[in-house]
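Asker: Protein chains in written order, with the numbering used here: chain A, 1 to 112; chain B, 1 to 116.
Hints are computed from structural coordinates only; laboratory data are not their basis.
Backbone N, C-alpha and C fix where the C-beta goes; we use that ideal spot for every residue, glycine too.
Some hints here could point you the wrong way.
[What the hints assert, rightly or not] Here are the simulated EDC-like cross-link-like pairs (lysine to aspartate or glutamate), alpha carbons at most 20 Å apart as the crow flies:
#1 K60/A with E104/B
#2 K52/A with E20/B
#3 K11/B with E42/A
#4 K68/A with D84/A
[Claimed, not checked] One side of the interface only, derived from the structure: several residues of chain B facing chain A at Cβ under 8 Å:
#5 E20
#6 G28
#7 H29
#8 Y33
#9 L43
#10 F45
#11 Y48
#12 Q50
#13 D56
#14 F65
#15 L105
#16 G108
#17 E109
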Amino acid sequence: GDSVTQMEGPVTLSEEAFLTINCTYTATGYPSLFWYVQYPGEGLQLLLKATKADDKGSNKGFEATYRKETTSFHLEKGSVQVSDSAVYFCALSPWGAQKLVFGQGTRLTINP
Amino acid sequence: GAGVSQSPSNKVTEKGKDVELRCDPISGHTALYWYRQSLGQGLEFLIYFQGNSAPDKSGLPSDRFSAERTGGSVSTLTIQRTQQEDSAVYLCASSLRAGVGTGELFFGEGSRLTVL
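So here's chain A without its partners, still in its complex pose (with noise of 0.2 Å):
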C-alpha cells in the first residue's frame, strides 16, 4: 500500500545550520506531496507542497522538490532559525484517494 517513510529523529542542529529532512514515498499513480509542521501547542499546518513530477514547494524558506525518479521529496533549508523549531511530517495524498498518508514526523531543536 501507498507509505511514507522520514528520515529519523530527533533532529539537532545550531541556529543558521544547513537542515535536510528525508522522505521517501511509495505510491501507485501520481500522488500529491506535501510537508506538514506541528509547533509546540498548535495544530498541524500545511508548510508546502507538490502535486506533480519535479515541482518545487516552498514556503517560509523551506524547499522540497517532487522527484518521482527517486520517489523523494526531501525538506531543506539553507539556515534554520530557533523559531523552526517543531515536529515535522511529510505526506502523500494517494492519486484518486481523499486522504493522506502521513510519515512518522521528524523532531527538529534548533539551539540559539
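Here the structure of chain A is known, so what remains is to put chain B in place on it, guided by the hints.
Answerer: Relative to chain A, chain B alone:
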C-alpha cells in the same frame, strides 16, 4: 474562533468506558477528517466526511469506533469499551473542498485520550 476546535483537549478514562470526542470545523469547510496519532507513530487516517456523501470509514480500526457528522458541521468520534491501546491524540481536520491534492487541511490541536 477561526480555527478547528476540538474538545475535550484531555480525557482520562477507565478501560471499558465509552468516550466521545467533538470536532467543530472551520465554518464553510465541507470536508472533515479524523486522524489518530499514537506515541512514536505517524498520523493514522480514521474517517473522512464530505458533504452529504457516505463517509469513508476505511481507517476505523475496529467496530468499537464510530463517527457522525451532524448538519454537515460538527462531528463526534465515539469509542466504545475503550482499551489501553486506544490511548492516543485524536486529531480532527477540515478543508474547504474535497480533494486533498488541491486543498489544504486545517487541523485542530487534538484531543489527548488516556485509557487507564
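Asker: Run every hint past the structure and note whether it holds.
Answerer: Going down the list of hints, with the structure as the test:
1. K60/A with E104/B: holds (17 Å)
2. K52/A with E20/B: violated (39 Å)
3. K11/B with E42/A: holds (18 Å)
4. K68/A with D84/A: violated (27 Å)
5. E20: violated (20 Å)
6. G28: Violated - the Cβ of G28/B stays beyond 8 Å from chain A, reaching only about 18 Å at its closest.
7. H29: Because about 13 Å separates H29/B from the closest Cβ in chain A, which is outside the 8 Å limit, the hint is violated.
8. Y33: With a minimum Cβ separation of about 7 Å from chain A (threshold 8 Å), the hint on Y33/B holds.
9. L43: holds (4 Å)
10. F45: holds (5 Å)
11. Y48: holds (5 Å)
12. Q50: For Q50/B, the interface hint holds, since the closest Cβ of chain A sits about 7 Å away, which is under 8 Å.
13. D56: Holds, about 6 Å.
14. F65: violated (16 Å)
15. L105: Because about 7 Å separates L105/B from the closest Cβ in chain A, which is inside the 8 Å limit, the hint holds.
16. G108: OK, holds: G108/B within 8 Å of chain A, min 5 Å.
17. E109: Holds - the Cβ of E109/B comes within 8 Å of chain A, reaching about 5 Å at its closest.
Going through the hint list in order, the structure does not satisfy hints 2, 4, 5, 6, 7, 14.
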